Amino acid sequence: MNNQKLHEQFLQSLRKEKRWVRFYQFLILIAFFGLWELASRLRWIDPLIFSSPTKVTNLLIDNIADGSILVHISYTLFETVLGFILGTLLGTILAAILWWSPFLSKVLDPYLVILNSMPKVALGPILIVAMGPGMSSIITMGAIISVIISTIVIYTSFRSVDANYLKVLQTFNATRSQMFKEAILPSSFPTIISTLKVNVGLSWVGVIVGEFLVSSKGLGYLIIYGFQVFNFNLVLMSLLIIAIFATIMYQLVELLERKLIKSE
Amino acid sequence: MSFLSVGNVHHTYFSKEATTQALQDINLAINKGEFVSFIGPSGCGKTTLLSIIAGLFEPTSGSVKIEEQEVYGNTNLSIGYMLQQDYLFPWKTIEENITLGLKLLKNEKQSYAKVASNLLSDVGLPPVEKKYPRELSGGMRQRVALARTLAVDPKILLLDEPFSALDYQSKLKLEDLVWSKLKEYEKTAVLVTHDLGEAIAMSDRIFLFSARPGRIHQIFDVPEELRAITPFEARSHSSYSSLFQVIWKELESLE
Chain L
1 MNNQKLHEQF LQSLRKEKRW VRFYQFLILI AFFGLWELAS RLRWIDPLIF SSPTKVTNLL
61 IDNIADGSIL VHISYTLFET VLGFILGTLL GTILAAILWW SPFLSKVLDP YLVILNSMPK
121 VALGPILIVA MGPGMSSIIT MGAIISVIIS TIVIYTSFRS VDANYLKVLQ TFNATRSQMF
181 KEAILPSSFP TIISTLKVNV GLSWVGVIVG EFLVSSKGLG YLIIYGFQVF NFNLVLMSLL
241 IIAIFATIMY QLVELLERKL IKSE
Chain X
265 MSFLSVGNVH HTYFSKEATT QALQDINLAI NKGEFVSFIG PSGCGKTTLL SIIAGLFEPT
325 SGSVKIEEQE VYGNTNLSIG YMLQQDYLFP WKTIEENITL GLKLLKNEKQ SYAKVASNLL
385 SDVGLPPVEK KYPRELSGGM RQRVALARTL AVDPKILLLD EPFSALDYQS KLKLEDLVWS
445 KLKEYEKTAV LVTHDLGEAI AMSDRIFLFS ARPGRIHQIF DVPEELRAIT PFEARSHSSY
505 SSLFQVIWKE LESLE
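Chains as they are written, first to last, in the working numbering: chain L, 1 to 264; chain X, 265 to 519.
Same shape as in the complex, but just chain X (with noise of 0.2 Å):
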């Protein structure tokens, strides 16, 4: 059984203009741990195809399921989201910031300031529980949002281009360490990018989507030998070249 099923979701959005519809007869399946990539032309619906997975608007039809319980207006699901920009608050402490989710998911009594201390070492950070966000540059700061994220534990992690904004050696650092921290803990991730070459470095699975409506175009399986390495390693790795050939012609042929 697959831990996350999407089947036949639609989605269309309503203006006073025009009615746009953004995802058509989307079905997929993802297991438990794996890390797959939604890449396409922009107007593909992989946004908000993110968007409704994680529950925060329901399709106009179809279900999204995660371990066969519906995710929208479910309360029992934990998803972590990872958004473009860290989105922390500015008037919260670093360590207020780490621990918000599990204040509103859980009453429990533990250490909230364990917590936010080993989360923090956790994510390659020196102890800056204390500092507010706008202390910290803006690969730490993403790295903070990484760790809010995790503190709940969240069955899924969703990931909206969590390293668009980043200079580019941040972007790379910390793509590493998503991804070993992901394998770490085991976690299923979707990414959704803009970067081919992020796609191919960091996920087992690229779904490959074409616009207006957004569907999916074709899945690409990566090569094992990438997988098992970490995606700046498999950035040099010699099947990453051909692979990124292959689905550059895909992607050049659907625009």
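Excised from the complex, chain L in its bound form (with noise of 0.2 Å):
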């Protein structure tokens, strides 16, 4: 046997293998609403509870087909997607104002410490009060959420970058900006990306708490509101319809990821 073939073999087994993922995969989503369904109209669980798939999709076709729903979803969307970078973005940043001044980071060392332990969720109200019941403070609270963590560990990135990189520069006369630029950052972008993984859950829940607590729009508000009228159905709705926008969040991360990190 020539080696194209056996290549071609090998080829065959990888797509067989993920053909069977595929499947499965597939498997468990059916089973899951098939036995949500079925659990529902037989009365194993409580439907008016727990509601069933059908409900909850004919009541999505309703929200869709007026259009209602779609205000709820970019409401939320934007707030999460705002949030999500700034947090990101405020927690690089506050990273690399620690890298930059060592003696900064010994001050702050316990106050990030105390601040990351903190449940950021309880400062909602002390925010809504501060900044007004509207989009701003939903937002603040979805950046608030992910911004001390992102700091924690970018910074730890950045200060465990091989001394040896930063000796090459030195050699170069290299300012500690251009240290910075050149080693320190691009060396942590696969921590960075991680942490844009994490935070994209985290500020997920920042704004549909925020939601909770203040808005009249959005996801958030539509959980509270069908768990005030008890419409399960809505409630059950609006969880899909998150698992559905923070999956696609995901993968555009990991997208980015794939453009980004190129020397992998």
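The set of hints was computed from the structure by calculation and includes no laboratory data.
Here the structure is a predicted model, which is why all the values come from computation and not from measurement.
Each residue gets a CB set at the ideal place from its N, CA and C atoms; glycine is no exception.
Any given hint could turn out to be false.
Simulated restraints on C-beta separations [said to hold, decoys possible]:
# : chain 1 : residue 1 : chain 2 : residue 2 : range
1 : L       : Gln178    : X       : Thr311    : 17 to 27 Å
2 : L       : Arg159    : X       : Ser385    : 52 to 62 Å
3 : X       : Ala282    : L       : Thr156    : 54 to 64 Å
4 : L       : Arg159    : X       : Phe278    : 12 to 22 Å
Join the two chains, each given in its own frame, into one complex according to the hints.
This is the structure:
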């Protein structure tokens, strides 16, 4: 047998494995919704609380048809994306400042620990009073929940860059900002991407909680409204939409990862 | 007037537990175009001295001058520094790696692509400008690191065991390459190494250091007949082994 044939066989076995993986992923999805529907119809679970896929789907179709859901989705999505970007960006900037001044980072160390361990959503009421019950305070919630942990993780990555790369730059008389640009930042891209992935989830939490507290629009509002009027079809539909959009955001971050990290 | 002069250099490292005197009373002078090696037992401060000559940090006391200019904090001097590993930036292409120093030091509008391709052929590599470091072998990467160092036309080359991480064959080839490039461009160079054979094969003078605190123990002149030939040829020359024996005995007595 020649090499080309063997390679062809190898590729075929890879494709085969991938098909099986897809098959089982699909099977789990079908089984989940099928079981849910069945359990709801046969009253194994209370359909008033747990609803059923058909009821949720019907509600979703109705809401799409009259266009009302799109407003809520666009509000929440906008707030989440902005909070997510702000949180990561601010975290990176703060990490850069800490790297720039080792003295400052020593001074601030205990405060970062305190801020990180504090439940940020508890700041919600203060934010709302201070910034008004609008979009800006919700976006701030989305950002504030991820900014400190991003700072800590990214700063740790900045510090763990091999000192010999800096030595090389130093022999070329590089300034500290050149060192940051040429070595510190690019070698931390993988870490920054992985904090982005974590922050996708975190900023959804911040924004939804923010909407719980204050909003009259958005998916978080729909959840809390559905809960108040005991319409759990609405709650579950909102959850489903959140799951879909959170997944899309995560996929976009992965796409960015492939674009940005050429050297892996 | 000597090209590089090190005068009364002392250096002490401080930590919470102790102070360690790394270098004591170092005086040496190196002429232009000369190739010298620092050897000695571990802890003799030879790498510390090299870093001080590179201007990476200031000695506790004393001075290091190249052509009468103080080295530390001097942004006009260009110094080439090669480390044990290549430390090519993995996210930069070979071309970007080679021209990194040019980009940082000068803003000349010369064609970086041209510089990179010339240097690559100069260090005996095929045109790999657009590749990334991970696509090259260890020996090739160290050649790229040499090209990066030569790109900025440094006044002096400081070599911190640049061949120690390579396999034996690549090491011998690279020794010859570095040696001939330095002769071709008439560069002054200081090599720190653990390998006595390498020091004899490559250099004109050898400084033997003793440890704790680091001091110059003895200076050996490499005979003319070894200096004139390539490191590879030198290794099989008759005076090579006699000098090896002499320095080896000294080295033994230090440990």
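Measuring from beta carbon to beta carbon, are Arg159/L and Phe278/X in 12 to 22 Å?
Roughly 21 Å apart at Cβ, these two residues keep to the hinted range, so it holds.
52 to 62 Å as the expected CB spacing between Ser385/X and Arg159/L, which holds or is violated
39 Å, violated
Given the range 17 to 27 Å, decide if the beta-carbon distance of Gln178/L to Thr311/X lies inside it.
Holds, since Gln178/L and Thr311/X (Cβ atoms, about 25 Å apart) stay within the stated range.
Can you let me know if the beta-carbon spacing of Ala282/X and Thr156/L is within 54 to 64 Å?
Violated, since Ala282/X and Thr156/L (Cβ atoms, about 28 Å apart) do not stay within the stated range.
Hint check: violations occur at hints 2 and 3; the rest are consistent with the structure.
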